[in-house]
Amino acid sequence: MNPWEESLREALRRKDAPPGFSNRVLARVRDLRAREKRPWFRAFLARPALRWAAAALCLVIAVSVAFWDQQQRQRRQGELARMQVKQALRIASVKLNAARRMVQEVNQGTAQSRL
Amino acid sequence: MNARNKKIRSGALAAFFVAMLLGTLSMPAFGQNPRLDIKNLEALAKKASEVVDVNLDGSLLKLASKFMTDEDDREALGIIKNLKGVYVKSLTFDEPGDYSEGDVEAIRSQLQAPAWSRIVSARSKHDGENAEIYLMTATDGGSVLGMAIICAEPKELTVVNIVGPVDIDKLSQLEGKMGIPRLEEQTDESGQKPEGHRAKP
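Protein chains in written order, with our numbering: chain V, 2 to 116; chain P, 16 to 216.
If you're looking for bench data, these hints aren't it; they were derived computationally from the structure.
These numbers come from a predicted model, not from an experiment.
Cβ coordinates follow ideal geometry from the N, Cα and C atoms, glycine included.
Please note that the accuracy of each hint is not assured.
Here are the simulated lysine to any residue pairs, SDA-like style, with alpha carbons at most 20 Å apart [claimed, not checked]:
no.	chain 1	residue 1	chain 2	residue 2
1	P	K77	V	V64
2	P	K99	V	R91
3	P	K81	V	D70
Chain P is nowhere near these chain V residues, computed Cβ spacing over 10 Å in every case [claimed, not checked]:
no.	residue
4	F42
5	F45
6	M103
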């Protein structure tokens, strides 16, 4: 047997797999399948740094929305108060002048009044 | 020694009473409140066909003043600047007699001297109109602490209560501005005023 045949036989000799090899292969297959099924955001959040960044971003957005909402609410309340002020002053002014006119009427002898 | 103690005690008592008296006098308008209680009119609101209800306390007035940035608002802003509250209740009824004199009296009873002074009381028997203007001034007689207007017409009852140093002249001059029509402008071709404003200017 020449050396070439010897090395070929050596290479083709049947070898047993190392212990736990099949379990490792099956586990890896399961892992690959699970990764394929996992939604993108889960894959994204799997990294701790990205998880913290996402949490911080959510917090910033929530605070901004709350602040904006409060500003809007305050603006609406302010506008309503402004309208009410104008309405109140309008009524007060009209009634004040109506009373003054009634007094003037008295002076002209067209109404009875007391001062 | 006993007589001396008695003297000291009676002196302290006198000082206490003088302090109490001064304290009472220095309170705004003898402890009466420039804010009127007009809750009794809320029951009338159910009968009314139109209701205007404005309740603006100091914080709301401050908030409103932040938004009064238009040129038109400048005069109104000047009026409300130092006010502590503006309260208006105006009720319009379909029929005369939907409110009673007792309803008005409940408001009027709060406007008692010496805190309040009635500066105008005008009554028109012909139209059944009754208008009263009251002022609450500080005990020194200088600053105005509050104002109340009661305007009772057969189908309309209006109560205005302004708390704080209100400038009546400025308030009166608002007519013709801020969308408030001047009554002269409302006169129709025949020279008649619209209902509710029959008095001549």
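A quick look at each hint next to the structure:
| no. | hint | result |
| --- | --- | --- |
| 1 | P:K77 - V:V64 | violated, 26 Å |
| 2 | P:K99 - V:R91 | holds, 18 Å |
| 3 | P:K81 - V:D70 | holds, 18 Å |
| 4 | F42 | holds, 42 Å |
| 5 | F45 | holds, 44 Å |
| 6 | M103 | violated, 3 Å |
The structure fails to meet hints 1, 6 from the earlier list, while all remaining hints are met.
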